[in-house]
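J.: The listed protein sequences correspond, in order, to chains F and L.
Read left to right, the first sequence gives residues 1 to 291 (my numbering).
Read left to right, the second sequence gives residues 292 to 461 (my numbering).
Keep in mind that a hint or two might mislead.
[Unchecked claim] Have a look at the derived ranges for each label pair, beta carbon to beta carbon: (1) L:LEU305 - F:ASN269: 42 to 50 Å; (2) L:LYS458 - F:LYS83: 19 to 27 Å; (3) F:GLU151 - L:GLU459: 53 to 61 Å; (4) F:GLU64 - L:GLY460: 34 to 42 Å.
To be clear, the hints were calculated from the coordinates, so they are not data collected in a lab.
Since the model is a prediction, treat every value here as computed from it, not as a measurement.
Note that CB positions come from ideal geometry on N, CA and C, so glycine has one too.
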Amino acid sequence: MYPARFEYIAPSTLEEVIATLADRGDEAKVMAGGQSLIPLMKLRFAAPSVVVDLNGVPGLDTLEEEDGVLRIGALVRHKTCEKSPLLRGRYRALGDAAPQISDPLVRNRGTVCGSLAHADPQGDWGAVMLAARASVVARGPDGERTIPIDELLQGPFTTALSHDEVITETRVPDPGLRSSGTYLKLERKVGDYATAAVAVQVTLSNGNVGEVGIALTGVGPINIRATAAENSLRGAEPTEEAIKDAAGLSAEAAEPLTDIRGTAEYKRNVIRVFTERGLRTALAAAAAGEE
Amino acid sequence: MTELATHTEAAAALHPLEVTVNGQKRDAAVEARVLLVHFIREDLGLTGTHIGCDTTSCGACTVLVDGVPMKTCTMFAVQANGTEITTVEGLEQGGQLHPIQQAFSDEHGLQCGFCTPGMMLTSVALLAENPSPTSEDVRWAISGQICRCTGYQNIVKAVQRAAELMKEGQ
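The task is simple: from the sequences and hints, build the whole structure.
T.: Right, dumping it as structure tokens:
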């Protein structure tokens with residue numbers, strides 16, 4: 001399948017990328033790994049007249065922790081995250097999610113930032129970044145701005161990015177000591193979208209739950225933050241009862257639809273069970289003082 | 292953004308493409324929308340790289356781009372500029388089968404053979420990284436590829452056999 005014709009522009013600097021977007025942005029698509037964009041173009045669901053390929057821009061493949069922030073550059077591939085020793089301990093939710101993204105070959109090419117910019121409601125990174133309270137840095141003609149993930153993801157395939165902006169990196173704040181998380185995903189087979197998935201991030205403070213993030217994949221028009229579940233746990237003692245209550249609230253936050261992957265009732269139950277398991281795993285890892 | 296609006300001169304422009312394929316330098320000019328798999332099959336005539344699903348699901352089109360297995364139905368040829376590509380035709384050296392090819396033959400790792408080039412190239416990349424993969428490692432590595440004949444058992448055996456052959460050959 002051939003995509004519709006398009007003009008291919010492969011800038012070698014970020015300034016050129018932004019200048020091109022400022023000039024042609026309303027008809028252009030930015031491409032990082034292309035693992036979502038190219039299939040869409042082949043099916044002609046997308047027919048941008050200009051494709052701006054980021055792959056020739058140096059300096060966008062940074063994955064590092066600096067001044068209490070984990071920085072994931074626009075060209076950091078899922079595979080790099082899968083292998084990175086940085087994404088353990090406090091950042092374990094990310095490390096657990098990475099090998100569950102699509103399949104190994106797609107992970108060799110696809111990127112974290114590209115996945116967020118694509119804003120697929122079935123996207124895994126959206127939920128992980130919501131739980132981790134991450135934000136993205138968007139660069140446009142007027143400079144840089146930081147967009148929290150909650151604001152970035154506005155609807156199915158819809159973000160707060162303006163047509164002349166490009167995500168240069170995702171920033172995950174250091175959750176501090178005694179923090180951990182995980183990502184649990186149910187999929188029918190490797191490479192399929194999630195039937196349902198849950199991202200969890202917790203920090204313990206004097207034995208109680210401090211900050212907590214719970215977010216869902218595949219059960220709504222967008223990745224959903226389970227706000228009531230988070231609120232029920234914040235400041236609470238991490239008892240089995242508190243975990244179960246939070247899991248119930250998490251399931252209530254889901255807006256699943258019955259489809260080929262399962263009934264709405266089934267998916268809601270998966271969310272409940274995965275929230276429970278995820279919280280237990282994350283709380284135990286945080287208590288063990290993993291860094 | 293209609294499809295017709297994209298049929299501009301700039302969109303039809305040819306882009307220079309310089310790649311090393313199986314050790315041989317190839318120069319070409321391609322339209323931006325040409326997928327890497329079409330370039331390999333149709334421009335270079337290397338039809339060992341197959342098109343299976345054409346939707347990023349099956350991995351029949353897998354080749355090594357700078358040593359990394361990629362689904363070439365999900366990459367534009369123009370993006371391969373400056374890279375080194377290995378296709379299945381590049382595995383055999385001097386009339387001698389590559390150990391992965393020998394092992395697929397020995398262990399009956401194929402029946403119809405449609406997925407085999409992609410399976411072998413992914414396995415070559417796996418073995419370069421992990422010379423003694425467990426069956427679990429192999430299953431993970433090929434999990435983005437679909438075989439409808441073998442049930443995968445003999446593919447896993449073949450990759451582990453290739454690991455042995457490669458060690459013996461050293």
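J.: Does each hint hold? Answer for all of them.
T.: So, going through the hints one by one against the coordinates:
Our hint of 42 to 50 Å for LEU305 of chain L and ASN269 of chain F is violated, since their Cβ atoms are close to 55 Å apart. The beta-carbon spacing between LYS458 of chain L and LYS83 of chain F, approximately 24 Å, falls within the hinted interval of 19 to 27 Å. Look at GLU151 of chain F against GLU459 of chain L: about 58 Å separates their beta carbons, and that is inside 53 to 61 Å. Take GLU64 of chain F and GLY460 of chain L: their Cβ atoms lie about 39 Å apart, and the range 34 to 42 Å holds.
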